[in-house]
Amino acid sequence: EGCDGVLGSSAAIDKCGVCGGRDTSCQKVAGSFQNVTVPLGYHKILDIPAGATFINITERRASPNYLAIRSGTGVSVVNGRWAVDPPGEYQAGGTTFTYTRPRAQSEGEDERGESLRARGPTTTQLQLYIIFHKENPGIDYEFYIPVEKKRKEAEERETPREAQRERQRQREPARAPLGGPLTVSVEEPPPVSIPSFPSSSSVFSPPSFDRWPPERTRPRGLAPNRNARIPPRTDLPPDTQSPFVWRRGGLADCSVSCGKGSQQRIMVCVNRHTDEEVSERSCDSAARPAPEEEPCNTQPCPPFWEASAWSECSVSCGPGVQQRQLQCRQSFGSRSTMVHPQRCSHLTQPESTQACQLQLCSHWEVSSNWSTCSVDCGVGRRTRSVRCVSDQGSVVNENECNSRLRPQGSEECNMGPCVTNWYFTEWSNTCSAQCGPGVQKR
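According to full-length UniProt numbering, the sequence shown holds residues 1 to 442 in order.
To be clear, the hints were calculated from the coordinates, so they are not data collected in a lab. Check the hints yourself; a few may be wrong.
Just the calculated beta-carbon pair ranges, DEER-fashion [said to hold, decoys possible]:
hint : residue 1 : residue 2 : range
1    : 316       : 342       : 32 to 42 Å
2    : 321       : 397       : 20 to 30 Å
3    : 294       : 2         : 24 to 34 Å
All figures in this text were calculated on a predicted structure; none of them were measured in a lab. In this text, a Cβ means the ideal position worked out from N, Cα and C, and glycines have one as well.
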């Protein structure tokens, strides 16, 4: 039995939702939302117009983000009010959406991420959102929208050449209200082929879809899909439950850029009815969830040169030399270890020696010649003037000069042995007697 209710009929519902149709009354709208980063929280991707059929929205791979749907009036349908709903079937816009989520909500998995699928047609406009936490791997979407009735009637009256021009114009991208940069394309429906509906293993169609087309009423007593998991209600009367609750937000910046750091989960206070973020003072501090921490930037840090402190200057004054030790090191986790210097060969090596001068050195200067010996013969002493002079030429305290290098300021002098001899004067002019023998002296 086909979709027309005739036994043995092969009539099937086409992509436009028409029984026995040839996919000519609708056109495909397809695109992708590829913004890698958007503001934390709810971010609108696009509007799904009324009349859309065969809606398929899929993440390219699993991620910590979530898909969400709201009605055209802003009423949450899936994953609203900062709460994550379980996979299952949800009614929205006059059709049933099947919401699936991968086995593990973690990064690095090869399988595709979340998906929202519905056969349609939608009776009202719907809004597609992403609840952004981390990098967006890309979200592909496609659906079919009816071709305007007036355009179809005009095509029937056109000449073949005009019809060709009109088909060329129809190949231009369809415009849909978007919430970010999207890649959009429109495919011309195939002229004859009638695509088969996805197999029973697909989340697209419940078992009773093929037997009961949209234009026929489901028999009374036929139970809905019991596999649908509807999230439990937790609403309490307004007088017993605060309108402000804590929600898990995104992650703060990593504590380090490499070498294994940590990042804290941000907790935000929101109004449960409007999903708007409010001041933290509005929420109960005692009910704030315990801090959550995740590792980040676990890759090793690049190697680097580490220099020790400079040694003391090799001299106490004047030009000298200082030295220090160099090590090639690399950080792993919270510790740093020495590695082979070859790992730092691509880096500029710091200097291991440098000139130093603690102060200007003063010097001794002899400012006079030796004095004459203190004796004419024998051993005596002689002296000379010695002073401490700075590099600028001024006389300074002798303590500023090296006492071990001080020139001698006095020394012994030997004038030779003293000569011994008789020395005499002339005889006196007077004799001791005026007559006779007398004595003269000298």
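Violated constraints from the hint list, given by number and in increasing order | Hint 3 alone not satisfied by this model.
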